[in-house]
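Chemist: Take the two lone chains, each set in its own frame, and fit them into one complex as the hints suggest.
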Amino acid sequence: MFFLALAETKNIKPPSNLLRVVSFCIIVLFFQSCGYLNSDPAKPAIDANYPTAEIHCDGKIYNGLAICLNHDEIQIQGYYNGSVRIDSDRCDIHETPSYVENGMINIKIQNPNQSCIIEVVESVQYPRDTTTVKRSLKGIIYYKKQGQNPQIFTSKIPTQSRQFYRFYSDKLSGNNVRVVWSGCGISVNEMRTPFAGRIDFALTDNKEVESIAMVSKDKQCLLEGAVVDGENIYRIVWLATFYDADFAPLAIPVVKIDDKYVRIEASPVVAVLSLGNEFKIGNKAKFKKTNGIIRAVTTSGRVVIGELVDGVVTWEQ
Amino acid sequence: MGAITATTTEVASKIPDIVTQLPKMITGIAGAGWPTVVIASIILLSSLIGFFWLQKAKDNARHTEETQQEAKDQANNAQQASSLDQNAENAENDIDNILKGK
Numbered sequence: 001m002f003f004l005a006l007a008e009t010k011n012i013k014p015p016s017n018l019l020r021v022v023s024f025c026i027i028v029l030f031f032q033s034c035g036y037l038n039s040d041p042a043k044p045a046i047d048a049n050y051p052t053a054e055i056h057c058d059g060k061i062y063n064g065l066a067i068c069l070n071h072d073e074i075q076i077q078g079y080y081n082g083s084v085r086i087d088s089d090r091c092d093i094h095e096t097p098s099y100v101e102n103g104m105i106n107i108k109i110q111n112p113n114q115s116c117i118i119e120v121v122e123s124v125q126y127p128r129d130t131t132t133v134k135r136s137l138k139g140i141i142y143y144k145k146q147g148q149n150p151q152i153f154t155s156k157i158p159t160q161s162r163q164f165y166r167f168y169s170d171k172l173s174g175n176n177v178r179v180v181w182s183g184c185g186i187s188v189n190e191m192r193t194p195f196a197g198r199i200d201f202a203l204t205d206n207k208e209v210e211s212i213a214m215v216s217k218d219k220q221c222l223l224e225g226a227v228v229d230g231e232n233i234y235r236i237v238w239l240a241t242f243y244d245a246d247f248a249p250l251a252i253p254v255v256k257i258d259d260k261y262v263r264i265e266a267s268p269v270v271a272v273l274s275l276g277n278e279f280k281i282g283n284k285a286k287f288k289k290t291n292g293i294i295r296a297v298t299t300s301g302r303v304v305i306g307e308l309v310d311g312v313v314t315w316e317q
Numbered sequence: 318m319g320a321i322t323a324t325t326t327e328v329a330s331k332i333p334d335i336v337t338q339l340p341k342m343i344t345g346i347a348g349a350g351w352p353t354v355v356i357a358s359i360i361l362l363s364s365l366i367g368f369f370w371l372q373k374a375k376d377n378a379r380h381t382e383e384t385q386q387e388a389k390d391q392a393n394n395a396q397q398a399s400s401l402d403q404n405a406e407n408a409e410n411d412i413d414n415i416l417k418g419k
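As you go down the protein sequences, you meet chains A and B in turn. Quick note: the first sequence uses our numbering, first residue 1, plus one each step. Quick note: the second sequence uses our numbering, first residue 318, plus one each step.
Extracted from the complex, chain B is given alone in its bound form (with noise of 0.2 Å):
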């Protein structure tokens, strides 16, 4: 709890510090020879390519499935929608003749 009472010089000697130990302290490699950094950061890369590529892929092929899909939903309702044409087209004329000869 330090801290607390620390003023601001002390806090400014401490900032060079911080700068040398966050990335050590976020990649978690603090202490490791460069072999071990290099195959880390390249199976880490990888794992990013291939995760994103994936997605990318995965993407693409939902677009190519809401593209047939709505091809598809048009051209059934074209179909319905003359259907239901003829089927007003009947109901209309059938009231307007009742009503001409009513």
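Bound conformation, chain A alone (with noise of 0.2 Å):
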């Protein structure tokens, strides 16, 4: 019936040849434009410094910056096929391994007993072009050596704000305690008496500022301290990095789950969004239920990583 009702338009007057020129030329635009990835026209990530890298380690999983425990399960996960720049002088890596299928870089500690920090660049090679330049994604390990076992802190800090920062923890107040710091600009050895487990400290580029950590000229900075109670010490360190104000970190995406099904919905200029093993191209995708790791990543490498289980994501931007 359908053939019938279109031999009946035979005799209709055709459109014209203009129109019919425009409405191939959308057609072929269309199709064209359906080979793209979704362009993020955000600042890139990695100029903002800020890390995007997946990183796993110690069971846990990072968003660009992490301080791992253990030597021998660093890993990187890296997107579709591509490649990973992994740099540190003390633990004497200089190598670019590529992986292939959305593959881990594993990352190997020759000397565990040396801390150092592993700097990494994951190239993506997508699997569809982009309109705009596609970028890499940074990330920033601190390998902690064996032995010390510090509570460890991670933060991002954008730029040009002051923000005050607090450590606080039962294990470290005591009645006559020396408090240790260095690192970030700060260098700190006295006694507190008492002292509650709380450490305050501020954070800016105001060098006229008195006690606070200063952003150094890299942008990222590295704190170690210890909170001596007679014999017992517990030490703490902190990584941070200091972003550009300008930069705005992608939003969460909005996730439904059902009973069969995770359905993700993220910004329109997200490219790629995964579950667990499972990567699919767009903004929009669904999942088959499973506990894993939710990301959602742009070509401008900003990145949100979040670790469903049972039903509750936890998000890290």
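Treat the hints with care, as some may be off.
What the hints assert, rightly or not - In silico DSS-like links for lysine-lysine, alpha-carbon gap of 27 Å or less:
hint : chain 1 : residue 1 : chain 2 : residue 2
1    : A       : LYS145    : A       : LYS219
2    : A       : LYS145    : B       : LYS417
3    : B       : LYS417    : A       : LYS219
4    : B       : LYS373    : A       : LYS280
5    : A       : LYS43     : B       : LYS373
6    : A       : LYS260    : A       : LYS219
7    : B       : LYS389    : A       : LYS108
8    : B       : LYS375    : A       : LYS256
9    : B       : LYS417    : A       : LYS43
10   : A       : LYS280    : B       : LYS375
11   : A       : LYS256    : A       : LYS288
12   : A       : LYS256    : A       : LYS219
It is worth saying that the hints were derived from the structure and are not from the lab. Please read these numbers as outputs of a predicted model, since none were measured by experiment.
Modeler: Here you go:
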């Protein structure tokens, strides 16, 4: 019946040639646009000093910034195919291994008794092209040598903003303790009586303010500290990056979970969505329900990672 | 709406008509002479080739820029890694020394 209805249109005056050419061009452009990834016009994360490479260590997942205590479990999650540049002076690593099909890159620490900073740059070859330049994902890892087991903290902080940070732990409290800090422009070595286990300090790039941590010229710093209470020593390590104030981290996607599926809808600039081992192009996707890591990735290197466990997602921007 | 009541035989009898008419309907050159068809085809084909050639050129330029940018990012990162590593080493040594002499 469809054919009959179509045949009956043969006597209808056809539209003008111009209209047909325009329609044809629209169709061509439509198919052409289907071949591209969603582009993200936002400032690239790596230019803003906002690390977003997916780091796995000590059974945890980090979005760009990690402190790892176990030397044989440090991995970088690859997206699609690509390569990861790895640099570390003290751990003597300077290499660019490749990966395929969302594979993991293992970072081998030769000497577990040597702490070191490891910086990575992940270059992803997406299955489709983009209309804008794709940018790499950066990651910073501090491998802390064995035997110290510090409490670890990581922070991504916008520059040009003054923020107060508070470390608190019952373990740190005492009546007569020595508090020592070094790094990020801070140097402290003093007795505190009593000590409530709470340490506050401000961060700013204004050098005229006293007793603060300075933002280093490289916009990243590491602070080590300890609280000594008699024979007990509690160590703390804090790794921070300071990102450009005009950079906007990627918004957290909307996730709907029913009995069978996990439906994810992210910002229109998101090029890739993933749950567990499954990766899909686009900013909307449906996955079979399973526990795993949710990822939203843009071509400018902005990434949001979430851990889905029994219907609850814990996000890291 | 006669189509709704058409039998299978009636539909089948119309198919040859469709086969002849459909290409003409799509190309919009029904009734045009062969010079028009040739010129229109050349223009269309040239436009398509030009369009895809331009896209390819743009893609190549973008890939070149991406490669250069990756190299730049990697170099910057290696420099930052070195600086932060020094910062970390100093902080760790400071704390170790203080704790040794506590």
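Chemist: Can you name, in rising order, the numbers of the hints this structure does not satisfy?
Modeler: When the structure is compared with the hints, numbers 3, 6, 8, 9, 12 turn out to be violated.
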